[in-house]
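Student: Protein chains in written order, with our numbering: chain A, 1 to 402; chain F, 1001 to 1498.
Keep in mind the hints are simulated off the structure, nothing from the lab.
Only a predicted model underlies this, so the values are computations on that prediction, with no experimental measurement involved.
We put the beta carbon where it would ideally sit given N, CA and C, even for glycine.
Any given hint could be a false lead.
DSS-like mimics (lysine-lysine), calculated; alpha carbons at most 25 Å apart, straight line [claimed, not checked]:
id	chain 1	residue 1	chain 2	residue 2
1	A	K238	F	K1468
2	A	K373	F	K1402
3	F	K1077	A	K238
4	F	K1467	A	K373
5	F	K1438	A	K373
6	A	K238	F	K1438
7	F	K1422	F	K1402
Where chain F lies over chain A, by a calculated footprint (3+ residues, C-beta under 8 Å) [as the list claims (entries may be wrong)]:
id	stretch
8	168 to 178
9	181 to 194
10	214 to 228
11	287 to 298
12	339 to 347
Reference excerpt, derived from the structure (chain A facing chain F, CB under 8 Å, subset only) [stated by the list, open to error]:
id	residue
13	L59
14	A62
15	R68
16	R142
17	R143
18	T326
19	H331
20	V376
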Amino acid sequence: MRRAPSNKASLAGIVVLALCGTVLAEPQVELQSDCPPGFELTGNNACELRTLYQNYDSLHEAGVGGPRTGLPEARDGFSPQQIDLGRYLFFDPLLSGDDSLSCASCHHPDLGFADGRPRSIGIGGAEVARAAPSLWNVAFLRRFFWDARAGSLEEQMQGPLYADDEMGTTPAQLLADIGDNEHYRRLFRDAYPGSEGPPTLDQIYTAIAAFQASLISLNSRYDQYAHGYHDALTDREKAGMNVFRSFVARCAECHTPPLFTNQQLAVIGVREPDGRAFDPGAGATTDNPGLRGGFKVPGLRNIARTAPYMHSGTFATLREAAEFYTLGRGHALPVAEQDRVTVHWHIWEPDLGAEELDRLVDFLGALTDESFKPQVPSQMPSGLLPIGKLPEALAPHLGQTN
Amino acid sequence: MGKKLGLIVAAIALLIIGAIGGMKYAGDNRATVVGDTSRYSAGASSSGALTGSVGGSGSGTVHEVRDGDSIQAAVAKAESGDVIKVFPGTYHETVYIDKDDIVLSGVIVDDVWPVMEGDKKLNDAVLYSGNGITVENLQIQHYKGNAIMGQAGNNFLIRNNNIVDTGVYGIFPEFGTNGLITHNVLSGIEDAAIYVGMCDYIHVTHNEVFNNVAGIEIENSRHSIVENNYAHDNTGGILVFITPGLPIKTTYDTIVRNNFIVNNNTPNFGIPGSTVAGIPAGTGILNMAGDRTTIEGNIITGNQVIGILITDHMNAPNVTLDPDADPNSDEIAILDNMMWNNGFNTIPEITALKTLELVDGDVQILNIGSSTNSCILDHDKYVTVGLRDFGTCGFATTADVKSYLLDEPAERREIAAEDMGKRAYYGICAGCHAYNIKMIGPPTQTIQALYMDDPQGIVDYITNPTKKRDDYPEMPPQNYLSEDVRMAAAEFMLQVRK
């Protein structure tokens, strides 16, 4: 049920104060009729992905291989209006229970669509169990959450939306918040022509998924190399690439190009930070004891933008994260877990030197491409301040803390 | 070693408990005729030629590399079609080939070979990702990772290499379609000497593999023939696996025929945690979850634990089950093989299984776990355990299938200029240029008005841009795109209408 109106009213008051009444004029929001970059608008008003990777095949369409391998099938075909509606929803704090957080509070475009924190913070200010993963290239993923428990973007987003300690709304409140807003009612009619009645949950999920699936990063310097321009990488980055794909470091065995993930679950045995309890990961969400401590292999594109690393932010830097893999199989497992955790076979003792680790970090930096970064809307249909509470990493720079 | 062996021992012990606990062995199924020639003939090459569609063309320039030179420097200069001839000498480097159609060929002079020497410091000797790569006539030794590793390169040809102690694998093509591995000699490898991982249409023939943990391994691959190899003195001779947890989940249509698989009793020195670290020392052929494997005409002798072992994932050590990978070895066909003197010093668990089935003599062939639609040609010929469900094969030979290699190379497809232009325009240019609104760069409409029928003008500009407009930032050069792609993008840009 909808929370007490007083809750929202007081927050709106704060926003008014913060803005000194400058932008709370009637929002002038219209949806884009063009596709975002990376997509062609086709005949039936559908945005279809276009990339040079479509020049290549992929064994069994698995989207894993080498530099010139095709991608897995993408979620595309959404309309420009749906994608743009999703952009407004994504940045609108109206979607949280107390209007304080938007999706972007933990998936901020200036922080690689993550939040720069070891573990994210929800509406009550309390820390949740795991880190916010980047959303770049989620269009290609088949499983979501660190423990892979969701099978679609639509299913995934209901986790944080309705978790008490994350965005803390409810389906009823979400429908009321959106449905009570005349601008949203108009925008939903534009995005779903022919649909009668107030916005539905499925329409909300579809729009947000459409926006998330538009976050494409495939134009890094690495990609230039992959497409055949070998001067795109420095000698150090090339050396790092060869360490990365060597069968000594074995990074590419799980972080397989072109997305730098094979989308499997892997038990690698990272210690939890700060004395936190062991996280069983996929061992708790599947009936497979072999996956105790297992997490989804994350893609590495824009990885230099998303420190700290691992599912709960154990490592502050890429160098530390890379070094983990050379410190020995199971070295960081708690004693109590050593006999009941099956560490992935690719975790071994590659004996990488300090220089090799440095080169790996150099190479990972060449996977950065934010050329299709979407714009944060300047005003929200809700009249709230876009994004809401900013990740700490950004708040000081923008002089905005809420 | 003791601990690793213990893993498979423990796994088999579980099976015994299951059997005693009521898992019944079905009655003898020999009267059922199982399978016919259609089982293995689908996907067979029509020509049967082994070298017609693999390897570099050798049609271009020859680059000579001599002792003291860098092989990689020659690769950097080479273009598709070129040949890099490596003369005798010692080369301490990792060579990577991210180009198509390159021949890397050693030149052997008076018995002196070109040597790639890793000094146990370098990771891999040769990494390739291009299509149509040949690697031949090299002595490769003392690397940490692999001698020759392919990542997604199709139509590869790897032959006549002498590979010694190169770490985890010797020859390891991954994600490749259509490849021939022939006449290589490999020893001292900690995992599989020849490891075909997640590939299709592969032929492995006339190789000698010895003193490795595994001789030849076909993993998560389809349409492979392993024939005429000499696998001796490894821990395990020839393996056909589905390894769970990989992104491509199947292995089927593997023919293992006419190999010598002899005395594979070398103590297991596999890396802890690796799948092969659980292989008992003394295993001839091991099929784990691979489907439609046909075993024919091999000479399998002197392997102390077992000649042929068929298992599912549940009974295998070091394996985490994967719900997307079928754990059973189905449609196995064991045709006529010359088997002698295997299983003479086996592990206690096989002895226990033998007792359970009231079998005397050394066990040559063992199946553990469910295996449907499997068969053996002659039930009476060998001492077997766990084969009562196997029918009698309805075919006696695979001889009419010469190879699964493709008649034409894989992925030599032509890309229409319009598609190329469209992918470049939307995939790259659209980051800064929209049709009729100002973004980081000027609108496409403005560019169209400027260049009209002059795509070459666009190509020239984007190759080496200069600052033209005060109200826009200078454009970064697009010279990383090939000339063809730049032209296709320019032509598309001039005709796009929305």
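Student: With reference to the structure, classify each hint as holding or not holding.
Tutor: A quick look at each hint next to the structure:
| no. | hint | result |
| --- | --- | --- |
| 1 | K238(A) <-> K1468(F) | 34 Å, violated |
| 2 | K373(A) <-> K1402(F) | 53 Å, violated |
| 3 | K1077(F) <-> K238(A) | 16 Å, holds |
| 4 | K1467(F) <-> K373(A) | 24 Å, holds |
| 5 | K1438(F) <-> K373(A) | 16 Å, holds |
| 6 | K238(A) <-> K1438(F) | 36 Å, violated |
| 7 | K1422(F) <-> K1402(F) | 42 Å, violated |
| 8 | 168 to 178 | violated (count 0) |
| 9 | 181 to 194 | violated (count 0) |
| 10 | 214 to 228 | holds (count 7) |
| 11 | 287 to 298 | holds (count 3) |
| 12 | 339 to 347 | holds (count 5) |
| 13 | L59 | 5 Å, holds |
| 14 | A62 | 5 Å, holds |
| 15 | R68 | 7 Å, holds |
| 16 | R142 | 10 Å, violated |
| 17 | R143 | 11 Å, violated |
| 18 | T326 | 12 Å, violated |
| 19 | H331 | 13 Å, violated |
| 20 | V376 | 16 Å, violated |
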